[in-house]
Structure formats: structure tokens, C-alpha cells
Amino acid sequence: MIAHVPARFDIVARQDFSDVTYLLEIAHPMMARVAQPGQFVMVMLHEHGERIPLTIADFDRDKGTITLVIQAVGKTTREMQQACRTGTALHAVVGPMGVPSPLGHARKVLCVGGGLGVAPVFPQARGFKEQGAFVIGVLGFRTKALVFWEDKFRSCCDELIVCTDDGSAGMAGKVTDGMARAIASHSDIDECVAIGPPVMMRACAEVTRPHRIRTVVSLNPLMVDGTGMCGGCRVKVGGQVKFACVDGPDFDAHQVDFDDLAARLRRFAEQERTAVEHWNEQCRLRQLA
Amino acid sequence: MTEKPRKKTIRTIPQQRTPVREQDPKVRVTNFSEVTSAYREEDALNEAERCLVCPDQPCIAGCPVNINIPGFIQKIVSKDFRGAYDVITATNLLPAVCGRVCPQESQCEGVCTVGDTLEPVAIGRLERWVGDRAIDQGWVNIPFIEPRPFRIGIVGSGPAGMACAADMAKAGCEVTVFEALHQPGGVLRYGIPDFRLPNVVIDAEIRNLEKLGVAFECNTLVGRLFTIEQMIGEMGFDAVFIGTGAGYPSMPGIPGESLNGVLSANELLTRCNLMRAKEFPEFDTPLPLGRRVAVIGAGNTAMDAMRVSLRLGAGTVHCIYRRSRAECPARAEEVHHAEQEGVEFHWLTNPVEILDDGRGGVRAMRCVRMELGDPDESGRRRPHPVAGSEHEIETDLVVFAIGTNANPIMGQTSKLRLNRRGYIEADADLATSLAGVFAGGDIVTGAATVIEAMGAGRRAARSMKQYLGIRDLDAPYQAEGPGAERLFGIDLREQNFARIRLA
Chain A
1 MIAHVPARFD
11 IVARQDFSDV
21 TYLLEIAHPM
31 MARVAQPGQF
41 VMVMLHEHGE
51 RIPLTIADFD
61 RDKGTITLVI
71 QAVGKTTREM
81 QQACRTGTAL
91 HAVVGPMGVP
101 SPLGHARKVL
111 CVGGGLGVAP
121 VFPQARGFKE
131 QGAFVIGVLG
141 FRTKALVFWE
151 DKFRSCCDEL
161 IVCTDDGSAG
171 MAGKVTDGMA
181 RAIASHSDID
191 ECVAIGPPVM
201 MRACAEVTRP
211 HRIRTVVSLN
221 PLMVDGTGMC
231 GGCRVKVGGQ
241 VKFACVDGPD
251 FDAHQVDFDD
261 LAARLRRFAE
271 QERTAVEHWN
281 EQCRLRQLA
Chain F
1 MTEKPRKKTI
11 RTIPQQRTPV
21 REQDPKVRVT
31 NFSEVTSAYR
41 EEDALNEAER
51 CLVCPDQPCI
61 AGCPVNINIP
71 GFIQKIVSKD
81 FRGAYDVITA
91 TNLLPAVCGR
101 VCPQESQCEG
111 VCTVGDTLEP
121 VAIGRLERWV
131 GDRAIDQGWV
141 NIPFIEPRPF
151 RIGIVGSGPA
161 GMACAADMAK
171 AGCEVTVFEA
181 LHQPGGVLRY
191 GIPDFRLPNV
201 VIDAEIRNLE
211 KLGVAFECNT
221 LVGRLFTIEQ
231 MIGEMGFDAV
241 FIGTGAGYPS
251 MPGIPGESLN
261 GVLSANELLT
271 RCNLMRAKEF
281 PEFDTPLPLG
291 RRVAVIGAGN
301 TAMDAMRVSL
311 RLGAGTVHCI
321 YRRSRAECPA
331 RAEEVHHAEQ
341 EGVEFHWLTN
351 PVEILDDGRG
361 GVRAMRCVRM
371 ELGDPDESGR
381 RRPHPVAGSE
391 HEIETDLVVF
401 AIGTNANPIM
411 GQTSKLRLNR
421 RGYIEADADL
431 ATSLAGVFAG
441 GDIVTGAATV
451 IEAMGAGRRA
461 ARSMKQYLGI
471 RDLDAPYQAE
481 GPGAERLFGI
491 DLREQNFARI
501 RLA
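Chains A and F, in that order, are what the protein sequence lines are. Per our numbering, the first sequence starts with residue 1, numbered consecutively. Per our numbering, the second sequence starts with residue 1, numbered consecutively.
Honestly, the hints are just simulated from the structure, not real lab data. These figures come from a predicted structure and were not determined experimentally. Errors might be hidden in some of the hints.
Simulated coverage check for chain A against chain F, where a stretch passes if three residues somewhere in it have a Cβ under 8 Å from a Cβ of chain F [to be verified]:
1. 24 to 38
2. 85 to 97
3. 238 to 247
4. 269 to 281
Coverage of chain A stretches by chain F, computed from C-beta distances (three or more under 8 Å per stretch; other residues unrestricted) [what the hints assert, rightly or not]:
5. 48 to 61
6. 251 to 265
If you want the ones that stay clear, here's a sample from chain F, every Cβ over 12 Å from chain A, calculated [as the list claims (entries may be wrong)]:
7. Thr9
8. Pro14
9. Pro19
10. Asp24
11. Asn31
12. Val111
13. Arg148
14. Asn219
15. Thr227
16. Gly247
17. Ser264
18. Pro281
19. Arg363
20. Arg382
21. Thr445
22. Tyr467
Note that the Cβ used here is the ideal one computed from N, Cα and C, for glycine as well.
Sequences and hints are given; from them, build the entire structure.
Structure (C-alpha cells):
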């Protein structure tokens with residue numbers, strides 16, 4: 001077996017889904033061999049960079065690559081959007097981290113992805129399909145131009161519902177509307193996986209709660225090391241403190257305290273602004289030079 | 001011609017412990033440079049004269065790795081500084097680190113014979129002086145290493161892993177150290193701040209290990225990328241040492257602890273030290289800044305968190321500890337330095353609630369006063385809250401440094417037997433429930449010190465050698481009396497044998 005992590009974390013492919021969403025495929029044969037749905041990596045762009053957690057959106061065991069889908073929202077993800085081209089490399093990539101999502105006994109599954117959450121729910125949908133489950137995909141986007149990976153989902157879903165806020169593709173509405181439609185026509189759904197922004201995951205949890213469908217969400221709080229050492233990613237689940245990096249990132253949606261999660265995601269809002277301003281200034285100076 | 005050295009007595013040695021220059025507290029709280037300067041050569045020579053070379057040598061027994069302390073001090077006296085380095089490195093790989101971070105007052109210096117009458121010999125400062133000189137002069141002790149066909153995997157590059165790696169490399173094995181973070185060093189790197197242990201010292205010690213042939217592989221999360229079972233199986237490691245540390249900071253379980261101004265000391269220190277958040281925004285990692293910081297706990301980690309907070313610009317820093325100063329587990333020097341730097345200590349005080357500022361942050365902390373009752377199982381007197389003593393301490397950043405729990409990754413990913421508290425179960429030889437797998441340091445004992453972790457790493461290396469059938473140089477072979485049968489002077493029990501591996 002390959003016993004070394006690569007000396008360089010090469011980006012072998014990049015694809016842009018919109019002006020803020022992009023895909024990076026990274027060569028890491030060892031990780032590609034063992035990655036499981038639900039796991040994530042910690043990434044550092046350069047020596048001065050921060051460590052950011054990103055869910056593994058796909059892995060190709062034969063090609064030896066893992067795929068990340070990233071939205072340029074903060075300083076680091078914007079800088080990555082600018083710097084990461086095919087042929088360049090990341091400073092550090094470590095993983096796969098976190099407890100893999102348990103796939104298995106579910107017979108009929110609802111896989112819900114909203115916005116950027118569409119990407120990380122894909123390995124779960126494919127995993128359930130490989131386990132022989134009936135998979136219903138529900139994907140939500142703002143508008144048609146932002147839709148991505150529809151073909152990938154078609155290949156592993158028995159049914160696929162695409163929702164757009166403005167109705168420009170698929171049905172008009174939020175993922176929760178798509179879920180309601182799926183639940184209405186399938187009374188025997190026994191599990192739901194929902195990944196997306198906290199607001200969306202909370203709404204999904206409320207859709208499945210009255211139907212008592214076991215629902216799993218993947219939480220993405222701030223992390224530093226990703227190995228359980230700093231406790232920055234602590235979340236409240238069923239009244240208990242859990243670390244998303246080693247106890248999760250998957251948790252029972254009906255137990256998660258989403259208010260707590262939302263508040264903790266705003267921890268560094270001010271510093272994030274400073275970082276973006278500082279970076280914009282640097283970009284401006286570089287352009288002048 | 002050798003002159004017989006005059007016998008030293010408590011009256012003839014220098015009476016005063018040689019002082020060391022320190023940065024002025026007012027200046028040093030504004031920088032991250034080292035607080036304590038090194039001894040100069042004349043300081044070291046003077047302090048070395050204070051060792052009585054007493055016959056019972058309690059300091060050696062007081063040292064977790066049993067450094068020949070009088071031995072190295074006498075080398076300093078005779079100005080054979082390289083010799084002093086050789087004596088220390090015969091047992092301790094990292095003198096520049098241990099001289100700085102060991103709690104000497106409860107180890108070697110605590111039992112020093114001179115200390116019965118005067119202040120004890122400043123063993124730590126002397127050790128550090130020798131270690132720094134070695135870095136400065138580029139000394140490194142690479143013994144003649146006879147290669148052996150064994151591959152050793154070490155999980156975690158902290159002090160336990162480094163010590164075990166060094167011993168196994170010296171025994172001729174091919175050693176690979178796996179580290180999950182992007183830089184090696186473990187707690188030395190992410191935990192201990194620069195003003196106590198500069199990065200150049202860690203870098204130098206790691207370079208020394210590399211010179212011994214040890215390979216470091218960062219960005220490797222053992223357990224998830226591959227398992228311990230795979231290491232001793234398909235990956236072909238003959239033995240594995242797990243020194244992953246405890247990690248997983250404890251939270252106190254009081255209302256308000258998930259507010260945004262509340263974090264663990266590990267997080268604060270990791271952001272500041274490893275990720276260089278103190279240089280934000282030149283470095284991308286942000287840091288929560290507090291004007292009035294309250295640190296809960298009074299161990300070394302707590303002291304580091306307080307002193308880092310001062311350097312980051314906090315106006316006031318409170319130390320909240322539920323026992324009294326006498327029970328405070330930090331190194332005496334750290335408490336002293338923290339006091340000098342203006343930390344306000346609240347002994348016998350315990351937090352009961354963290355109060356909201358209405359915007360998700362912290363406004364204050366409600367505390368109670370404590371009194372000490374009967375000793376508990378640890379021998380320390382158990383604190384009890386005093387009724388009606390509730391009071392508020394104004395703070396906008398609360399840092400918890402109240403210890404750690406076991407990191408769950410090893411337990412989640414292997415069949416290693418764990419104890420009730422989730423730590424890896426290991427016997428007196430530090431062997432775990434899996435053959436060929438050894439464990440030591442915080443992941444076995446719970447949070448302890450750097451030198452204790454190093455001691456565990458060395459103990460595990462000894463057991464590993466025994467397990468692999470490598471003759472341990474520390475345990476010289478002695479023929480047992482006339483009963484042992486010999487042929488041409490060779491013990492008959494000493495036969496050729498070959499280790500085989502079943503495919």
C-alpha cells in the first residue's frame with residue numbers, strides 16, 4: 001500500500017460553477033483510497049494561511065484524487081479562487097477527518113443539498129445507492145445559472161427533484177418544498193441527509209420531524225486543527241457539548257441546537273471583515289505595481 | 001599532574017544562586033521574545049561551582065529520565081562544555097527544551113542537597129545553557145548506528161514521540177514520525193508560547209532527530225488516513241508507538257460556556273503559536289481579543305494563556321482557580337512571572353455562570369468563593385463553595401484551562417483497549433493490547449509534563465527493543481554466575497535467530 005502522503009498537494013483540475021463557486025480536484029492517492037462519505041479535510045493555501053475545513057465532495061479511488069467544492073465567501077476562499085489553478089499546489093491538505101456517515105440499513109433515503117451543500121451530499125447519495133437503497137435527491141439552488149452536478153446526481157438517484165428559488169429550473173421553491181413533495185409521494189422514507197447552510201438544515205429538520213424520519217445534518221463550525229485538540233468547533237447536540245471535528249461532523253438534526261451553531265459561526269465576523277479589507281488592499285497595490 | 005579537587009562543603013560553595021537576567025515585566029508584556037535570558041559562561045561556571053557532588057545524588061532520582069546531573073555539572077566546572085552536552089544527551093535528547101519547560105522545583109532542584117540549607121543549584125538553567133550552547137555550536141551526538149532491519153512508526157511528533165523516535169533511531173531502526181498538523185513538534189509547537197520556548201529551539205531539536213535518520217511526515221492523520229492495525233499489518237511497521245497526547249479540552253459544563261467570548265486555552269494558544277494569529281492580518285488566522293480576560297485554571301497551560309493574553313494587549317488578566325496558591329500545579333517560575341507581569345490572581349474562586357452581553361459575547365462571569373475541606377484521592381484538599389459568596393468578575397473573554405480529556409480518534413479507529421476514561425490502556429512496559437503497539441505520554445496518563453512524556457517515550461522504546469529482540473545498551477549483558485553454560489566463552493542461550501514475518 002502507498003505509505004506516504006504526497007510531497008505536494010497538486011491541483012489537477014478546476015471547474016468554475018459560477019462567479020463564486022468553484023471545484024478543485026486534488027491529487028492525494030492515499031486519501032482517495034480511504035475517504036468515506038461525510039468526511040472532510042483541513043486545507044491551508046500557503047504558509048501564512050489559515051486552516052479551513054472543507055467537506056470532501058467526491059473521491060476517485062482509481063484516479064487517486066479528492067474533489068472539493070468551494071464558495072468564495074471569506075478572505076481565504078476568495079484568495080483560493082484567485083490562486084488555485086490546475087498545476088498549482090496547496091500548502092497543506094490533511095484528512096480524511098471526522099467520523100464517516102453511517103450508510104447501511106436505510107432502504108429509502110432522502111438526500112437534500114442546498115446551494116454549496118449539494119456537493120458534499122453527493123458521496124452520501126452515491127454511497128446509499130451502492131448499498132442498494134432507493135435514493136431520492138433534492139437539490140436547491142437560487143437560480144438556473146447556479147445549478148451544478150445535476151448529471152452526477154441523476155446517475156445515482158432513483159428520483160431527483162431540483163428546486164430553484166425563482167423557478168428557472170425544476171420546481172419553484174426551496175428544498176423544503178421539494179422534500180415535502182417527496183415525502184408526500186413516498187410514505188416509507190426511513191432516512192434523510194441534509195447538507196447546506198445552517199438555516200436550511202434547520203428548516204429541513206423541521207420538515208422531517210413530524211414524520212419521525214431520522215435526519216442527519218453535517219455541521220461546519222469553525223475549526224483550527226480538526227483533530228479534537230482546540231475545541232473551537234464545539235456544538236450543542238441534545239444538550240451536550242460535542243466537537244464537530246472528531247465526534248461528527250454528522251449529527252442528528254432533531255437534536256442539534258442551530259441557534260448556538262449560527263451564533264458560533266459569527267465568532268470572527270469582525271476579523272473576517274478586516275482580513276478581506278486587508279486582502280483587497282493588497283490586491284489593489286499589486287495591480288498598481 | 002592532577003591536583004586533587006578541594007572537597008566542597010555547604011560553606012565553601014557560592015552562597016547565592018546565580019541570578020539570571022530577565023526582561024523587565026513592563027517591557028516583556030509587549031513582546032513575544034524570551035522572558036529569561038540565558039546564563040553567560042561566567043554565570044554557568046559560577047553556578048556549577050555550587051554543586052556539592054554529594055554522595056547520594058538525589059537529583060538523579062528526582063529526574064524523570066535520570067540525567068546524570070552531577071556528572072554534567074562537573075564537566076561544566078572543568079570547562080568541558082561539549083562533555084557536559086554528551087553527559088546530558090546520553091539520557092535526554094532535548095536539553096534546550098527541558099531546561100526551559102521542566103518543573104525543576106518539583107523534580108531535580110526540589111530534592112537538591114544544597115537546597116536543604118541554601119537555594120538549590122539552578123540545574124534547569126545550567127541544562128538550558130548547555131543545550132543552547134549545543135545549538136549555537138552545532139553540536140549533535142550521532143552515535144555509531146548499526147542499521148537493523150526494523151521499521152518503526154511513531155504517531156504524534158510531540159515530546160513522547162520525539163523521545164521514542166530518537167532512541168529507536170539510535171538502535172538502528174528506520175523511524176517514521178507521523179504528525180497530523182502541518183508542522184512537527186506537537187505541544188512544543190502549538191502549545192508553549194515563543195517567550196517560553198522559541199521556535200528556533202524546536203527547529204534545532206527536530207533537525208537533530210533528522211540527522212539521526214528520523215523521517216517526519218506531516219499532514220498525516222493516523223487512524224483516519226490509515227489505522228494502527230494497517231501500520232503493523234500491510235504497511236510493514238515492526239512496532240508502533242502512539243504518543244498522540246490528550247488534546248480534547250474539558251469544558252466546565254456551566255451556563256454560558258458556548259458564548260462567543262469563551263474558548264479553550266488550547267485554541268487560544270494554537271491560534272497564537274502555531275497559526276501565528278498574533279501577526280494577523282499578515283497571517284490569516286484570526287484571534288479573539290479580550291480587554292479583560294479571565295483564565296480558569298492555574299496550571300502551566302493557564303499561565304501560558306494569561307501571559308499570551310497580556311502580550312496580545314489585554315488590559316487586565318484574571319486567574320480564577322478553585323484551590324489556593326499552595327495547590328496551584330504550574331511551575332513556580334511561571335506563577336512568579338505571571339505575577340510580575342500583572343496577572344490578578346483570584347485563589348479559591350470558582351466560576352458558576354458566564355454572563356451574556358446581549359450580542360452573543362461575554363459581559364462578566366459569576367463566581368463563588370471556595371474553602372478547602374478534606375483531602376481527596378489526589379491528596380489535595382477538596383474545595384467547597386462558600387454559601388452566599390457569589391460575585392461577578394467583569395470580563396469579555398473567558399479562557400478555560402482546566403485540563404483535557406482523551407482524544408477519541410485512536411479509540412474510534414482501532415481495536416486498542418481503552419480504560420474507563422477513554423485513555424489507551426498500557427501496562428508497566430507501555431505495551432498496549434495490540435502486539436507490537438506501544439503507547440505513552442498524555443494519551444495514556446492524561447495531561448502531564450513534557451519531561452514525563454519524554455520519559456514515557458524512552459520507556460516505550462526500551463520495551464520496543466525488547467519486543468524486537470534488539471539488545472538494549474542500557475541493560476548490559478551479564479553472564480549469570482557459574483550456572484550459565486558456555487561454549488568457547490559464548491553463552492549457549494545466545495543463539496542465532498531470525499525474525500520472520502508471515503505474509
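Please confirm whether serine 264(F) is truly not at the interface, meaning its C-beta sits more than 12 Å away from all C-beta atoms of chain A.
With a cut-off of 12 Å, serine 264(F) comes too close to chain A, as the shortest Cβ separation is near 4 Å.
Checking C-beta pairs, does the region 251 to 265 of chain A have three or more residues closer than 8 Å to chain F?
holds (count 3)
Could you check that no beta carbon of chain A comes within 12 Å of the beta carbon of glycine 247(F)?
violated, 4 Å
Hey, does asparagine 219(F) actually stay past 12 Å from chain A on C-beta?
violated, 4 Å
Beyond 12 Å from each Cβ of chain A, as asserted for arginine 148(F)
holds, 19 Å
Status of the stated non-contact between proline 281(F) and chain A (beta carbon gap over 12 Å)
Per Cβ check, proline 281(F) is inside 12 Å of chain A; nearest 4 Å; violated.
Verify that the Cβ of asparagine 31(F) lies farther than 12 Å from every Cβ atom of chain A, and report whether the claim holds or is violated.
holds, 20 Å
Under 8 Å between beta-carbons, do enough residues of the region 24 to 38 of chain A, three at least, approach chain F for the coverage claim to hold?
Coverage by chain F holds here, the residue count being 3 at a Cβ distance below 8 Å.
The region 238 to 247 of chain A covered by chain F? Criterion: 3 or more residues, Cβ-Cβ distance below 8 Å.
Holds: 4 residues of the region 238 to 247 of chain A have a Cβ under 8 Å from chain F.
8 Å C-beta test of the region 48 to 61 of chain A against chain F, three or more residues
Held - the region 48 to 61 of chain A has 4 residues with a Cβ nearer than 8 Å to chain F, which meets the minimum of three.
Could you let me know if the closest chain A CB is still more than 12 Å away from the CB of aspartate 24(F)?
holds, 31 Å
Hey, does arginine 363(F) actually stay past 12 Å from chain A on C-beta?
Non-interface label on arginine 363(F) holds, nearest chain A Cβ at 15 Å vs cutoff 12 Å.
When the structure is compared with the earlier hints, violations turn up for hints 14, 15, 16, 17 and 18 and for no others.
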